[in-house]
Amino acid sequence: MRHCQVHSHSTTTDKKGVFDVIECLDWVNVLALTHNDEVVLVRQYRQGTDAVTMELPGGAVHRGEDPLLGAKRELEEETGGVAREWIKLGHSDVNPAFMENRCHYFLAKGIELVKEQSLDPQEEIEIVKVPLRDVPGMFQRGEITHSLTHAAFCFFFATDLFPAGKNDPLP
Numbered sequence: 266m267r268h269c270q271v272h273s274h275s276t277t278t279d280k281k282g283v284f285d286v287i288e289c290l291d292w293v294n295v296l297a298l299t300h301n302d303e304v305v306l307v308r309q310y311r312q313g314t315d316a317v318t319m320e321l322p323g324g325a326v327h328r329g330e331d332p333l334l335g336a337k338r339e340l341e342e343e344t345g346g347v348a349r350e351w352i353k354l355g356h357s358d359v360n361p362a363f364m365e366n367r368c369h370y371f372l373a374k375g376i377e378l379v380k381e382q383s384l385d386p387q388e389e390i391e392i393v394k395v396p397l398r399d400v401p402g403m404f405q406r407g408e409i410t411h412s413l414t415h416a417a418f419c420f421f422f423a424t425d426l427f428p429a430g431k432n433d434p435l436p
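Sequential numbering of the sequence shown, starting at 266, is according to our numbering.
Hints in this document: simulated from the structure, not taken from any laboratory.
There's no promise every hint is true.
Said to hold, decoys possible - Straight line, CA to CA, 20 Å or less: simulated SDA-like cross-link-like pairs of lysine to any residue:
1. Lys374 - Pro396
2. Lys394 - Asp302
3. Lys374 - Val395
4. Lys394 - His300
5. Lys353 - Glu330
6. Lys353 - His300
7. Lys353 - Phe420
8. Lys337 - His300
9. Lys394 - Glu342
10. Lys394 - Phe422
11. Lys337 - Leu384
The whole structure should be built from the sequences, with the hints applied where relevant.
Here you go:
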């Protein structure tokens, strides 16, 4: 399966009905931080919204692939980056109303862009570094609208890993 398949099934409750469910591979998103607390984002065109988005590097986890290995692979393919330390931030159901897959979120600390990108033929991805402290403002201004990127930062900001610390408010 390249991307997704749609199948129908009946409910398992007393409420009768047939529902379409999209079966997709699991996904990964990588919140990659440089030694200077810059976030590595990617800017790319997305067909679903017919728009260019700013988001975290990520993609599909291959069948049988460990999500961490998928995250490392996607980060290297999309940015040419490798990181010295990896931390699992969490996972979420992508859209449980009609999708079966999950997105796994990882923090990649100390990323260095050491290689050329290795993109799929249809991909065109621009690498963008922004200070971590600027990210909340980017959300508020609508510069980052990708929901899975929002989720990754929610996991990150809710941890002790956030460099600002619990008592240091963001601007």
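Okay, the hints, checked on the actual structure:
| no. | hint | result |
| --- | --- | --- |
| 1 | Lys374 - Pro396 | 14 Å, holds |
| 2 | Lys394 - Asp302 | 10 Å, holds |
| 3 | Lys374 - Val395 | 15 Å, holds |
| 4 | Lys394 - His300 | 12 Å, holds |
| 5 | Lys353 - Glu330 | 15 Å, holds |
| 6 | Lys353 - His300 | 19 Å, holds |
| 7 | Lys353 - Phe420 | 10 Å, holds |
| 8 | Lys337 - His300 | 18 Å, holds |
| 9 | Lys394 - Glu342 | 16 Å, holds |
| 10 | Lys394 - Phe422 | 18 Å, holds |
| 11 | Lys337 - Leu384 | 14 Å, holds |
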